[in-house]
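**Q** In case you want the letters, here they are:
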Amino acid sequence: MNLGGALRARWNRTTRPVRWTAAGTALALAAGGTAWGVAAGDAPRVRTTEQRVTVPGGPGDDAHVTLDTTFYAPVGRSKGPAIMLGHGFGGDKSGVAGEARELARAGYAVLAWSARGFGRSTGHIALNSPDHEVQDARRLIDWLARRPEVRLDGPGDPRVGMAGESYGGAIALMTAAYDPRVDAIAPQITWHDLADALFPNATGGEPGVFKKLWAGLFFSSGANGTACGRFLPSVCEMYEEVAETGRPTREAVERLRRSSPSSVGDRIKIPTLLVQGQADSLFPLHHADANARAIARNGAPVSMVWFQGGHDGGDPETTRVRGLVHDFFDARLRGSGKAPDGFTVTRAGGIDSSTQEVVVEQATAPAYPGLTAGPRALPLTGREQSVHRPAGGAPASISALPGLGALGSLGDLGSAAGLPADMPGQSAVFDTRPLDAPLRLTGAATVRIAVSAPGPLFAKLYDVAPDGKASLARRIAAPLLVDEAGEVTVTLPAMDHRFDRGHRVRLAIATTDMGFATPAAPATVKVRAVSPLTVPSVPALTTTATPVPAWVWWLPGAALLLAAALLVRRRRPAAVTDGDVPLEITGLTKKYRNGHLAVADLSFRVEKGQVLGLLGPNGAGKTTTLRMLMGLIHPDAGEIRIFGQRVVPGAPVLARLGSFVEGPGFLPHLSGRDNLDLYWRATGRPRAEAHMEEALEIAALGTALDRAVRTYSQGMRQRLAIAQAMLGLPDLLVLDEPTNGLDPPQIREMRDVLVTYAAAGRTVIVSSHLLSEVEQTCTHAVVMAGGRRVAAGPVSEITGSGRRLEDAFLELIGEKS
Amino acid sequence: MTYAVRRTLPLRVEAVRQFRRRRTLVAFAILLALPWVLVGAFKIGGDPGPDGFPSLVDVATSSALNFALFALFVSTGFLLVVAVALFCGDTVASEANWSSLRYLLAAPVPRARLLRQKLIVALAYAVVAVLSLPAMALLAGTVAFGWGPVELPTGGTVPVGTALSRMAIIAGYSLIAQLVVAALAFLLSVTTDSPLGAVGGAVGLVIVSNILDAVTALGSWRDFLPTHWMYAWMDALQPQIQWTGMAKGAAISTAYAAILFALAFRRFQTRDIVS
Chain A
1 MNLGGALRAR WNRTTRPVRW TAAGTALALA AGGTAWGVAA GDAPRVRTTE QRVTVPGGPG
61 DDAHVTLDTT FYAPVGRSKG PAIMLGHGFG GDKSGVAGEA RELARAGYAV LAWSARGFGR
121 STGHIALNSP DHEVQDARRL IDWLARRPEV RLDGPGDPRV GMAGESYGGA IALMTAAYDP
181 RVDAIAPQIT WHDLADALFP NATGGEPGVF KKLWAGLFFS SGANGTACGR FLPSVCEMYE
241 EVAETGRPTR EAVERLRRSS PSSVGDRIKI PTLLVQGQAD SLFPLHHADA NARAIARNGA
301 PVSMVWFQGG HDGGDPETTR VRGLVHDFFD ARLRGSGKAP DGFTVTRAGG IDSSTQEVVV
361 EQATAPAYPG LTAGPRALPL TGREQSVHRP AGGAPASISA LPGLGALGSL GDLGSAAGLP
421 ADMPGQSAVF DTRPLDAPLR LTGAATVRIA VSAPGPLFAK LYDVAPDGKA SLARRIAAPL
481 LVDEAGEVTV TLPAMDHRFD RGHRVRLAIA TTDMGFATPA APATVKVRAV SPLTVPSVPA
541 LTTTATPVPA WVWWLPGAAL LLAAALLVRR RRPAAVTDGD VPLEITGLTK KYRNGHLAVA
601 DLSFRVEKGQ VLGLLGPNGA GKTTTLRMLM GLIHPDAGEI RIFGQRVVPG APVLARLGSF
661 VEGPGFLPHL SGRDNLDLYW RATGRPRAEA HMEEALEIAA LGTALDRAVR TYSQGMRQRL
721 AIAQAMLGLP DLLVLDEPTN GLDPPQIREM RDVLVTYAAA GRTVIVSSHL LSEVEQTCTH
781 AVVMAGGRRV AAGPVSEITG SGRRLEDAFL ELIGEKS
Chain B
1 MTYAVRRTLP LRVEAVRQFR RRRTLVAFAI LLALPWVLVG AFKIGGDPGP DGFPSLVDVA
61 TSSALNFALF ALFVSTGFLL VVAVALFCGD TVASEANWSS LRYLLAAPVP RARLLRQKLI
121 VALAYAVVAV LSLPAMALLA GTVAFGWGPV ELPTGGTVPV GTALSRMAII AGYSLIAQLV
181 VAALAFLLSV TTDSPLGAVG GAVGLVIVSN ILDAVTALGS WRDFLPTHWM YAWMDALQPQ
241 IQWTGMAKGA AISTAYAAIL FALAFRRFQT RDIVS
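Those sequence lines, one after another, are chains A and B. Last residue of the first sequence: number 817 in my numbering, and the count goes up by one each step with no gaps. Last residue of the second sequence: number 275 in my numbering, and the count goes up by one each step with no gaps.
Isolated chain B, as found in the complex (with noise of 0.2 angstroms):
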């Protein structure tokens, strides 16, 4: 009898777990068609004109760089979220739902250690799945566009070699301000017993969020909404980047995300599993 908590449930036996899953393959298969997707509009559509105010949808064709900045603009407030939600949302509430998760309690993986697993596993997938979109949309850039360095749309041009590190800055805020939307579907997982509320009410709730923001008579209180920030990763584009918003979002996004994950566990530590 050989048994040791820290040997349950290995990370790799709950990625294959999670893999195989049709809905896993089917998120990926969407953001990584989008970009080939979004080409092929431009193609038909032809090359966007400035319309007005200058917006990244202008210079989206400029390069391989602009078409992934586009393709990450487009998707960020609605794509990526429900990519994100999907992940951390379904990852617990389908094990209760498939009744799996009192035999995997029982076998026995410690209940933090279970959802630590879990989550880890998840967020794994949700980083993944928010760098595929703008990978896949360099890529496919690349081949419609070409290479060339990033066109602002307010004007001038940023260097390849420093536009990379810009889209690293990119990425990496992306994935912090939806670390909120992670912790919110991931509460909504060890509380529901069906991953579509979990991940409903998580989708959901941004939206309401999004909503709330967009009632500009609530002034500065909206600064603490958590999707407030989702598109400060825009501040990056600009000749100097502007950090003031990025760490106002950053600040935000990881102090809802301590706060609902320790909701999480605590709950899940002290929850009756009736699945």
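If we strip away everything but chain A, and leave its shape as in the complex, we get (with noise of 0.2 angstroms):
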């Protein structure tokens, strides 16, 4: 896994076709039909119906037009608002299918319609005209009155809202200035003035640079692959104009305010949303503000959101940008939720490692502040520089295009990942000092240069790292015109953008832009730069944590719940009774998993000072009883009483009692010393008790003690596995085959061992099949043969007089096998 692929899945998102050629391929829906659209699940039903509504065809033009339109109503609720959803440049109403539906399971009666040249409409586009398009939305108005499912506010006044993206939007905007009727508008990534947005000046002035990119494609995808395809023929003929040119005539200019918000601003008086893309070359950032502010100019509510993408590409954030539309549209239509914050701005916060995606953060503020807010000036450093503009504007430095629009969310993530920008010699730059702490520009910069000629130039903004990367900011860039040589203030683009701690904020002036026309003739320009760069920023903006699954919380939780479950376990009271009898087994029995029944019914009792010898063929359960004696086997039946405390793994009483059963079980790696010293701290008891001089005694070792366990032969792991049985002088001491591996001078030392210990008063119970051995150490013996008590007694009393233990062990299990 790597941040490759991170990159790669952004890279692939870039390639994404652009809103604006997305034409959809119409559906096929007969005119007049009506389907009834029945959503999976639960999800409330919506009825859709289709219709054709003629509209008149304009001022000098007696033919009518006819509007393909989709009517989406919710089936079963009472009269709602309505709302009518516009298509970007293009496209035609079935590209808005999807946000219909939603919004009508919402309760909302949705009206769809191909604009005037688009899709199955009839007539010539005439871009948004007051005349055209905006008399056909009010003659859609009047048809949405007649709707049984539409909310009136008066007679022939419906509850109506109107929303869309790009041309869509643009024309809930001039509809919302033609016609009071109009409640509520939430215009996406549109315009505030065609002119600017197609000859844009950022120095204020007019004309602009002619952004011939997207003027041709925005042309070239209304005219369907002819000269002129569905346009107006006095549209087409001023675009043709323009664009040879490159510069705008004044009816040309006239003709696009026309159809822009620019002209009807102070007649726009009703709450509106306002989402504009921060990848938008197209209608940049300054549309929504100017928009912004000339609605709120008219005291109408206006709420600003810039989201991640636009029209150059980048995250559309579909989700996000419908909920914050729903959202509005409930508080302005139906006045229920909260009222829309003022300002929302979407930042890449990084990569989500795991889904590999750009992780976009919301940050909010009440109020929308405009982009010159809390401005701070930041000195530049550079001298007077000359740039060059080579002779026909090639090759000319590249910023936002077309489709380029999510590289500008990753420079945010402070990746300088890129395409070459500037032409080396076609830009002069003048640097910040590297800022002392993070820098979150948001709004528009200014600065004033001067320049020594005229024509257009582009300023944009660097974000220049402590090792000299530079990374255009957003990638987007800032044309402007001078008229004359002399001192002009440029307004640098809008944007949301951080800049890092150590970074330098870099004002580059370029002489060229592939996105927009340039002269062809060579020229030389000295730029300078005579005020520090000013930047605005909206500290209020305040970003609330992308929340986690709900699952993150309790999960946990339940596991933590799950596991306690787990361990609860009911707990038998032990009886505390102490007493004297050192064992007492009464009814033993264990059976294993396979079946096989190791003790059966076993009962017998030690007492003091006996030297118990307990006997029995292999297989005889001897092992398994010493097993349950220590608390590692849990019996099925019976129990065992040591010093009259039923013994249960972990038992106190186990304390005293001393055992070897089955071999000795040291830590290989380990001396003998330090295992006996180890074994001995791990019973927790004071070093005083062990008696560890007379135990080492016994394991009689040598200088073999401080050698590695795993070294030893098996008479000496034995010895020190006896020892260890011993330490701490245990009144009852158990040991299984003790003397298996010992030579016969060391049988003989063990033997007199056990009788000493069990003379000082303490019990030694030691199991054997040396029937010999049992003859000479014990004086008591119990006999088992099959898991069963087979006879117990002193041992003079099993041998009876004369005879052998062995001849009389014999007798017995064969007896009972």
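Here are some chain A residues pointing at chain B (derived, C-beta under 8 angstroms): (1) 359; (2) 466; (3) 500; (4) 559; (5) 567; (6) 630; (7) 634; (8) 652; (9) 663; (10) 667; (11) 689.
In short, the hints are calculated from the structure, not lab data. Here a beta-carbon is modelled for each residue, glycine too, at the ideal position from N, C-alpha and C.
These two chains come separately, so use the hints to put the complex back together.
**A** Given below as structure tokens:
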């Protein structure tokens, strides 16, 4: 896994078709037909109706225009507000079907229509002109007022909101200006002034620099591959003229203005939600800002949203934007829910390594402060520089291009991803000092520069890392057209970008840009920054952390509960009755899981001072009994009591038991001495109680005591294990086959040790299959066979008079087996 | 006769019992030697150049902190898993294998206490193991590449002060992410008498989980695989830390670990010790 995967994922996304050119193939639906759309699951049903609405052609045009519309009505609801959804340039009503259904399911009556000149609607494109498209929209409002599903504010006046992207957003603004019946609008990525969008000038003067690439895309998507396509001939002529010269005519500017909210800003007086893209060089953020200022001046509430997408591409954030629009209409058309935030900005917060996607966070502020809030002056360094404009304007520097929008948000993550931006010798750069704290630029920076010659220039901001790597902030440039040599104030592109601590902000003034028309004549211009760079910021914007899924919180909690449930055990109260009897076994039974009955109803009793021999052939159940005695195996029935206390795993009374069962168990990497020492320390009892010296004497290991146990012989381990069993001089000593691997002198010595040990009032149990051994050492014996006790008592009783134990033993087990 | 449950098997005793094992020493030797081996590799092979997509290896040699991050990145998937599985999987099973387990239990060290003490010591060794690698990598990186701000693979740098706190977050998350491996190994350790079986079983299940994680068709089901979030600490290497992945990873790891540890205790309480 590497972060490269994340970048790759972003790259793929940038190849998404540009919204403008994404003319959806129209769904072939019979006009006037009615279809029942039934959504899956429990979602409310939506009834869709297609119909053609006939409207007048326009001034000086007798022909009528037929508009293709779809009406999405919620089923089984009382009258509700209506929403009209417009589509983008080059698209048609089918492009908004998904959003329309969502709104209809939420109880809105939604009307989607193909604008004149698009889809199956007839007529010519007049660019949202007040005499054409705006009149169409008013006729559609008339039509809505007659629908039984739509709530009315008055006779012929439905409760209606309008929304749409780009071309569809502009018609919302324009209709709101010309028809007082519109109650709320949510225009997205749309223009304020079409003349400014196509001929922008960052000095505020006019006209500006021809945005040839976008203008070409714009018109060709309406022309459908022919010269003028479905454009109104006069619109087409206008475009051809300005595209050829690269300069707008007065008539063209007037015409574009008439199709722009800028001409009617004082007439829009209704609640507005403006959604604009941060990756949008066609209608940059300052268009939405101008719309917001115009509408707010009329006293209407305005909410502003800057999201990651836009005409250049980038993350469309469809879910978030639709959610915001939805909430806005709920608040403004229904009066339910809280009023929308004044200002919302989405920011790339990082890359989620598991999904390899850019995490987009949402920052909100109660009010939209405009593009020049919280200004701060940053001094610029850099002498006057001469920059060259090549003949023919090529090669040109590259800033925003359709489809490159995603790169802008990656830049916010500190990535220097990128294409070469500026050609050598074509840009003058002025840097701030390294920032002593991170700077969040929200709005449009301004600077005053002096230039030595007229002509177009392109101003942009770079984010320069301490290592010198420079990345173009949001990949967007502000074009300016200087009329004559002198000083001008330049407004840089509006953006939301974080400059990290230690980074510099670099102002670059370039002579060319691939997206714009520049003169073919070569020129050299001297550029000088005459003022500091004024950068705005909006500290009121606070980011709400991206919520983690709920299971992050409840899963560990549930797991802990389950864990606790797993650990709850019923504790049987252990009878604590002190007694003198070293060992009493009653009815002991153990059946292994494989069905083997190892011990069956075993009972015997050992008194103080006895040396008891536990006798039996292999498989008689001796070892199983001893393991139960140590609390290692849970008996199925019966009980074992040591000094009156019942043996359960870890019973404290086991501290009075010393045991050696089924061979030694030592840590092979430690010496014999360390093994005994650590074992005793593990019992937690004081060192003085151990009687270590006596135990070591019994082990008789000499110098081998300090060698690692893994080097010991079987007999040495055996002796060490018996010594371990005797540590602390336990009152009850249990030894299983203690003489295995010992030589005859050692066996004899061991015998003496055990007899002496018992003589001091302690008790010894020796399990063995060596009969002579038991005969010579033990005072008493228990004989087992097949898990059962076959005899018990003093050795002398078992053997009878004159018999050897061996004979008695063979006789006993022979009877039983 | 002064027996008290709470004094049985003190942590120090258990630590000493485990420390002198060859296995422990070899594991630490490998973890501490790896950074120097990597330094040698970079010195011989030269600086890594960017090869298409940015990754931590491109910037591994730009500073000591970068080098430590790279060392952590290359060892998270397997080496650290093996180290953690080794300490937690071996602890009970090896005692059973040596037969010393029955003598400890008959000492008597109550079963829950024995497990608790052993678990604490095993986890402590695992923590030291997981931390020793980046710590030694910091040292080796300082010697070889010098001290400086962290360079991020996507571009940009993080100053040393911030980078050290990020490093602490990364180390902390790595530990939490390994908790599920520790719990799995521990459960196997009380289930089997073969230490190799317990360690190998835990590592094997991690590998299986990684394989399933590679099956993208499983979609969001993969979110609940124990190893899916093992690399989420890389989210701390962005200009702004992304917590979502680490929060999910920590939730998954602790949830699995809680249940697996509980199963281990429950199993050990009721089990017949026949080793």
